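Asks: Taken in sequence, the protein lines are chains Y and H. Heads up: the first sequence begins at 1 in my numbering, then just goes up one per residue. Heads up: the second sequence begins at 1 in my numbering, then just goes up one per residue.
Treat the hints loosely; a few may be bogus.
To be verified - Residues from chain Y that face chain H, not an exhaustive set, calculated with beta carbons under 10 Å: (1) Glu41; (2) Gly75; (3) Gly84.
Said to hold, decoys possible - Label pairs and their calculated CB-CB ranges: (4) Y:Glu41 with H:Gln109: 16 to 24 Å; (5) Y:Pro118 with H:Thr2: 24 to 32 Å; (6) H:Thr19 with Y:Ala213: 39 to 47 Å; (7) H:Ser23 with Y:Ala85: 17 to 25 Å; (8) H:Thr2 with Y:Ala309: 47 to 55 Å; (9) H:Pro16 with Y:Leu370: 57 to 65 Å; (10) H:Ala164 with Y:Arg15: 19 to 27 Å; (11) H:Gly225 with Y:Glu57: 19 to 27 Å; (12) Y:Arg23 with H:Gly225: 28 to 36 Å; (13) Y:Glu57 with H:Val138: 30 to 38 Å.
It should be emphasised that the hints constitute simulated quantities derived from the structure, not laboratory data. These numbers come from a predicted model, not from an experiment. For each residue, glycine too, the CB sits at the ideal point set by N, CA and C.
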Amino acid sequence: MTVPALDLGDVGFDRGAHLLLRRELALLPVGGRLAVAGTDEALVVHLAAWCRREGHELLPGDERDGRVRAWVVRGRAGQDRWAGAERAGGSSPAGLIARPPAHWGLAARGALVESGGPAVPYDFDRKETVWSELAPKLYLQAVARQWDPVAAVAWDTPFELPAEIEAAVVQVMTYLVENEQAALVIPARLLARVHPHFREVTQLLAVQAADEARHVEVFTRRATLKGDELGTSSVGGRASLMSLLAEPDFSLASFLLSVLGEGSFLNLLSFLDRYAPDPVTRRIVTLAHQDEARHVAFGIAHLEEQARADPAFRGTLRGAIERRHDALADTAGINADVLDALTVLAAGEWSPAAIARGHAAVQVLQAEMLDGRRNRLVRLGFPADEAADLAALHTRNFM
Amino acid sequence: MTLLMGAVAYDAKVVPIWTGFRSWLLRNGLPFDFVLYSHYERQVEDLVAGRVHAAWNSPLAWVRARRLAAAAGRSVRPLVMRDTDRDLRSVVVVRADSGIASLDDLKGQVVGTGAVDSPQATLLPLHHLRVAGANFEVRRFEVGVGLHGDHIGGERDAARALLAGEVAAACMVDANHLLFSREGTLSPGATRILTGTAAYDHCNMTVVDSAPEELVRLFGELLTGMSYADPEVRPLLDLEGLTAWVEGRTSGYGELEAAVDAGGFYDEAGRITADGYRP
Numbered sequence: 001m002t003v004p005a006l007d008l009g010d011v012g013f014d015r016g017a018h019l020l021l022r023r024e025l026a027l028l029p030v031g032g033r034l035a036v037a038g039t040d041e042a043l044v045v046h047l048a049a050w051c052r053r054e055g056h057e058l059l060p061g062d063e064r065d066g067r068v069r070a071w072v073v074r075g076r077a078g079q080d081r082w083a084g085a086e087r088a089g090g091s092s093p094a095g096l097i098a099r100p101p102a103h104w105g106l107a108a109r110g111a112l113v114e115s116g117g118p119a120v121p122y123d124f125d126r127k128e129t130v131w132s133e134l135a136p137k138l139y140l141q142a143v144a145r146q147w148d149p150v151a152a153v154a155w156d157t158p159f160e161l162p163a164e165i166e167a168a169v170v171q172v173m174t175y176l177v178e179n180e181q182a183a184l185v186i187p188a189r190l191l192a193r194v195h196p197h198f199r200e201v202t203q204l205l206a207v208q209a210a211d212e213a214r215h216v217e218v219f220t221r222r223a224t225l226k227g228d229e230l231g232t233s234s235v236g237g238r239a240s241l242m243s244l245l246a247e248p249d250f251s252l253a254s255f256l257l258s259v260l261g262e263g264s265f266l267n268l269l270s271f272l273d274r275y276a277p278d279p280v281t282r283r284i285v286t287l288a289h290q291d292e293a294r295h296v297a298f299g300i301a302h303l304e305e306q307a308r309a310d311p312a313f314r315g316t317l318r319g320a321i322e323r324r325h326d327a328l329a330d331t332a333g334i335n336a337d338v339l340d341a342l343t344v345l346a347a348g349e350w351s352p353a354a355i356a357r358g359h360a361a362v363q364v365l366q367a368e369m370l371d372g373r374r375n376r377l378v379r380l381g382f383p384a385d386e387a388a389d390l391a392a393l394h395t396r397n398f399m
Numbered sequence: 001m002t003l004l005m006g007a008v009a010y011d012a013k014v015v016p017i018w019t020g021f022r023s024w025l026l027r028n029g030l031p032f033d034f035v036l037y038s039h040y041e042r043q044v045e046d047l048v049a050g051r052v053h054a055a056w057n058s059p060l061a062w063v064r065a066r067r068l069a070a071a072a073g074r075s076v077r078p079l080v081m082r083d084t085d086r087d088l089r090s091v092v093v094v095r096a097d098s099g100i101a102s103l104d105d106l107k108g109q110v111v112g113t114g115a116v117d118s119p120q121a122t123l124l125p126l127h128h129l130r131v132a133g134a135n136f137e138v139r140r141f142e143v144g145v146g147l148h149g150d151h152i153g154g155e156r157d158a159a160r161a162l163l164a165g166e167v168a169a170a171c172m173v174d175a176n177h178l179l180f181s182r183e184g185t186l187s188p189g190a191t192r193i194l195t196g197t198a199a200y201d202h203c204n205m206t207v208v209d210s211a212p213e214e215l216v217r218l219f220g221e222l223l224t225g226m227s228y229a230d231p232e233v234r235p236l237l238d239l240e241g242l243t244a245w246v247e248g249r250t251s252g253y254g255e256l257e258a259a260v261d262a263g264g265f266y267d268e269a270g271r272i273t274a275d276g277y278r279p
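Same shape as in the complex, but just chain Y (with noise of 0.2 Å):
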């Protein structure tokens, strides 16, 4: 039988020497021993502490051959080190383990392990809470419709709007800012409690807090396409807002903001789209609501399956609708200048007859709202007179 040996040439430890030394003894046993030659003339001196540290001993080289400068006897150290060690579920999303534990922390899904090390306690971390089927597509989806700021939108496009007109759009954009805000904070938060072990749900949530940024940067660079001056912030609608910061639990925080808030949204930003004054402001809510669409298609996915496993869910649902209503009962909802300035867009100029069309349209969205509303709210096993009393609780900011 041929005696396992090494010739490392003149290659020492200073080169790199432990890789193939590692290589060799990960083929032995516990106990085996290797056989090192090699040239580099601080080899042995290298050799000896190199193997106090890795627990494996060293004997003096052979006599009979000068080579031979020294033997290795591989030490347990390696094998104990990953004895206990477990792999972390499978990568793909069939290997998913409802239950992953603390410990595995930041580890990628589907690597082994080694066992022991800090365990990281993240809020939400099983697989019923934050999973939906559909978050590895909508990631997918969501990374390859992101679209760049600058050339997405022709920014020199040449408009010239009527004063007022150009204020109603600076106080809409100055609205949608001010929310896109909180649906950019509440997204971030969320990801940084989901075990990373749900990797697809966390890479959707950051491009969804991406997409929000974005938002906030086109909505801000149309609000000082023409002018430097921002429209107003109202109390109603920051209390509003934050009620929507204050919910700590993942399901009903996407169920808040995605369902009801950004599903609102949808209808605000299709109304927008039919009476924007310009093209820059159509383009931005034409790319704003491709985006908002993914964020409500994840967020019903994500409560539907949660409601198929546990009929109870809908009662907690419908809790977190009431508790809000309840802490905004004494707040005056949405800012009435925004109202007003969505009134404006719809009109188009200021005549009577041109106003009450406006109205009369602001009044339109707010009934595609409520049946939005609604109509989501039955997808998630709702009945329908139950889904119509809550759609009406939603806060009146929209969002």
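Got chain Y sorted already, so can you dock chain H onto it with the hints?
Replies: Chain H in isolation, oriented as in the chain Y frame:
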């Protein structure tokens, strides 16, 4: 009664290491606590005086503990040591192009060492050179005096001074020569090992004969029973730089005893006699 151990806080990591070991030892039935010292000299004085039962000692602290104990009519013994404390060597390194081929060539040259109290980077290699008849000047790189060479800074400074041409040779332990070679402090091919010491032992867990026998026995048993396969202690073993605790032995300290005598670091009774050594 609680077994009380001293350790020197040479680095912030000493706190998590011994806090972790303490929890583990307590859970495994040993009433155990530790105190931290800022240097080894007070630690061994307290050990021999019975203020602590055990001391996680450097080799030089072991030498002094043994001498102090003998002078006081007591005795100390190394209970356990790390597997990595056995059979270290120190090396004396020169620049590859220096023309220094033998110890005779060191005549009139400057040898860089670690701190005055570093066994591995000062006392042992200098003793080795002197016994071999070499004649040279010494420049010490005093980092972490009182820590008995636990701080790597002096050795690294000596290595840098060697490459900068400020000293003709530099002393370091084999593991640091490996580290400096791999991290590039010593670039490949730039230096050569001129000579090396015989193998010696490094730290040990010294216990004094006045310590409670049963607790000492249990302490030794628990430490040597720690398994690298145990995910709870493995990170602590990694931090402390071992894969297993092994039985203590006294056979690896002869050269250091001789170096201490020859250089007059401590006297036979363990009193500090080294010139200018103020930990």
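Asks: Please flag the earlier hints that this structure goes against, numbers listed from lowest up.
Replies: none
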